[in-house]
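Let's have the full structure, built from the sequences with the hints guiding it.
Chains as they are written, first to last, in our numbering: chain A, 1 to 288; chain B, 1001 to 1154.
Hints were generated in silico from the structure; no laboratory data involved. Heads up, some of the hints might be wrong.
Pairs of lysine-lysine, BS3-like flavour, derived with a Cα cap of 30 angstroms [what the hints assert, rightly or not]:
1) LYS28/A <-> LYS99/A
2) LYS1016/B <-> LYS278/A
3) LYS1152/B <-> LYS99/A
4) LYS251/A <-> LYS28/A
5) LYS23/A <-> LYS278/A
6) LYS1129/B <-> LYS251/A
7) LYS278/A <-> LYS251/A
8) LYS1104/B <-> LYS208/A
9) LYS278/A <-> LYS122/A
10) LYS28/A <-> LYS1152/B
11) LYS208/A <-> LYS1016/B
12) LYS1152/B <-> LYS284/A
13) LYS149/A <-> LYS208/A
14) LYS192/A <-> LYS1104/B
15) LYS284/A <-> LYS251/A
16) LYS208/A <-> LYS1116/B
Away from chain A, derived, C-beta distances all over 12 angstroms, residues of chain B [stated by the list, open to error]:
17) GLU1032
18) GLU1034
19) THR1072
20) LYS1104
21) ALA1119
22) GLY1124
23) LEU1135
24) LEU1146
It should be emphasised that the depicted structure is a prediction, and the values quoted were computed from it without experimental measurement. Every residue, glycine too, gets a C-beta built ideally from N, C-alpha and C.
Take a look at the letters that make up each chain.
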Amino acid sequence: MSIIAIHKCSPTDTLDMQQMVPKLARVKSYFSDAPDVSTLEVEMADGVPVNYAPGQFNMLTVFGVGEAAISISGAPNGARLIHTIRDVGAVSHALTRLKPGDLLGLRGPFGIGWPIRAAHSKDVLIVAGGLGLAPLRSVLYHILAHRVKFGVVTLLYGARQPEDILYQSEIAYWRESCEINVALTVDHADVKWPGRVGVVTQLIDQAKFDPQNTLAMVCGPEVMMRFAAAALVEREIDAENIFLSMERNMKCAIGHCGHCQFGPNFLCRDGPVLSYEKLRPLLKVKEL
Amino acid sequence: MAPEQASMLSQHAFFKGLAPEVIDLVASCAQEIEFSAGQYICHEDDQADQFYVLLQGHVALQISSPGRGARTFLTVGAGEVFGVNWLVAPYRWTYDAKALDDTKAVVLNAVCLRHKCEADHDLGFELMKRVMPILIERLHICRIQLLDLYLKQN
Chain A
1 MSIIAIHKCS PTDTLDMQQM VPKLARVKSY FSDAPDVSTL EVEMADGVPV NYAPGQFNML
61 TVFGVGEAAI SISGAPNGAR LIHTIRDVGA VSHALTRLKP GDLLGLRGPF GIGWPIRAAH
121 SKDVLIVAGG LGLAPLRSVL YHILAHRVKF GVVTLLYGAR QPEDILYQSE IAYWRESCEI
181 NVALTVDHAD VKWPGRVGVV TQLIDQAKFD PQNTLAMVCG PEVMMRFAAA ALVEREIDAE
241 NIFLSMERNM KCAIGHCGHC QFGPNFLCRD GPVLSYEKLR PLLKVKEL
Chain B
1001 MAPEQASMLS QHAFFKGLAP EVIDLVASCA QEIEFSAGQY ICHEDDQADQ FYVLLQGHVA
1061 LQISSPGRGA RTFLTVGAGE VFGVNWLVAP YRWTYDAKAL DDTKAVVLNA VCLRHKCEAD
1121 HDLGFELMKR VMPILIERLH ICRIQLLDLY LKQN
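Printed below as a string of structure tokens:
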């Protein structure tokens, strides 16, 4: 009698397998945003555009080095596939060394992004810290392309020091265009910096919005997001209208491996964007 | 009494909700003042006999260190205050303050204010209740800055 069980692949397994195989992509252009931070525009080798929603991420592979989850920082119309990468580990280091014409692998897009539709006709408050501006830039591009659908839009952005501020020319343009309100602060500065010094949560106190009709999107280091969300609740925005983009160790990106588990959520599949109402009790658990 | 100063103070966030007679007491120590961009308002270790209530503009609070020059650790703007050193002996500034742009403020004479607080503990307690949340918030800001959250971590 045979004791070998033969597993028959279901259609779901086939779909999962397809999502695990990187497609070939090519670096189209490269831009250095800040020390150790680069933005890569990539195009698919097969020419098929990748459609994505603001807040989603891709898994990028540098062949022979490894794979990393990188949020998409471009406009969500599929025309340009842009990722902003900080050189913090072996894979991200290799990604920031790629030059136009170099090949890389790409899987994605993955995850649930920012609740853009829920923000329609509301004031939108975008709170970003450090590299957290990258996944929120997609939101800003979308809002600017559909400006009439939104109320007062405010970007509050904090960086470590003036030279670390991302997308400086775009921020200057957004400020001048008056389409959105922009407030910047840095944690530390020398006397040449003419702007604000302090932490990004301070900017929330002075922002103008209707708390009963505002949707807030927050991205940055987790400590910053915790205090920002608390400050937003203090300004009477409901926790269900505050959204945070969480970061954990994404590996499979399709909710199988469990590396990115955060309480009952797999952040790659159920997130990375989740409401503060859902996250609040989990953020208090230090072991997560 | 200084009715103009009383009016300005009563509209400022720091004094919000104070009874008019209390505002009048404070305003009797007050004077309107302006600083041009780049002007130093006070220097570290000077006598802290002023408490500034900002109406317009921004002020950088700075500490200098040899070889690194001045570093700004906090900026304050309209609706905020600085100079709470006036409350605690030895009443000395622990930083330099520099106007980043043309700045308007109401400056309170701290000696006058301290005398009034000693004579009227209700006034002293009211002011203390308004200063304490600011000190706690600035301590919190300082902790977050010390964590250096955006520092590259491998």
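* To do: Against the earlier hints, flag every one the structure doesn't satisfy and list their numbers going up.
  => 2, 5, 6, 16, 19 and 24
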